[in-house]
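Asks: Residue numbering for the sequence shown follows our numbering, beginning at 6 and increasing consecutively.
Bear in mind the hints are in silico, worked out from the structure with no lab data behind them. Glycine included, every Cβ here is placed at the ideal spot set by N, Cα and C. Watch out, some of these pointers could steer you wrong.
To be verified - Label-pair distances were calculated between CB atoms; the ranges are: (1) 103 to 24: 27 to 37 Å; (2) 80 to 35: 32 to 42 Å; (3) 26 to 92: 34 to 44 Å; (4) 31 to 54: 16 to 26 Å; (5) 51 to 103: 31 to 41 Å; (6) 60 to 16: 14 to 24 Å; (7) 107 to 48: 36 to 46 Å; (8) 22 to 103: 16 to 26 Å; (9) 100 to 60: 36 to 46 Å.
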Amino acid sequence: MSQITVHEASIAMSFWQRAIHDEDLARTSRRVIAEWRESLTRFFDVAGERGETAEKTHSGVAADHLLAILFGMHVTGLLDSIEITTQRQVSLLDAFLATLKSTRSGVGADVGVPADRKRPDPVADRP
């Protein structure tokens, strides 16, 4: 992990910690994550239309998986950069992307989500 990446991850983790106790920061974080999720969902929709993902793949669930992977790699890469190398992170992403193409599973195929690949608005639907 480069020093710049370590610095970026440290800033992100510090922000998340502060957002736990600051409703304005939490709201900003939810909005930004919702925007990322929406963008990723659209990218996965386009990939599905092009036949680049399995027909069973649910774009919203794939976006959630990718965000969880990226956030998780942020944390684990920062805390254990010896084991969680850049090469290992790329391999994890490659493995995830391969599951999107798998006709056997397709990400989100079995979680009871609507067939139209639409998902609820995580910001508007939050209590």
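Asks: Against which earlier hints does the structure fall short, listed by number upward?
Replies: 2, 4, 5, 6, 7, 8 and 9
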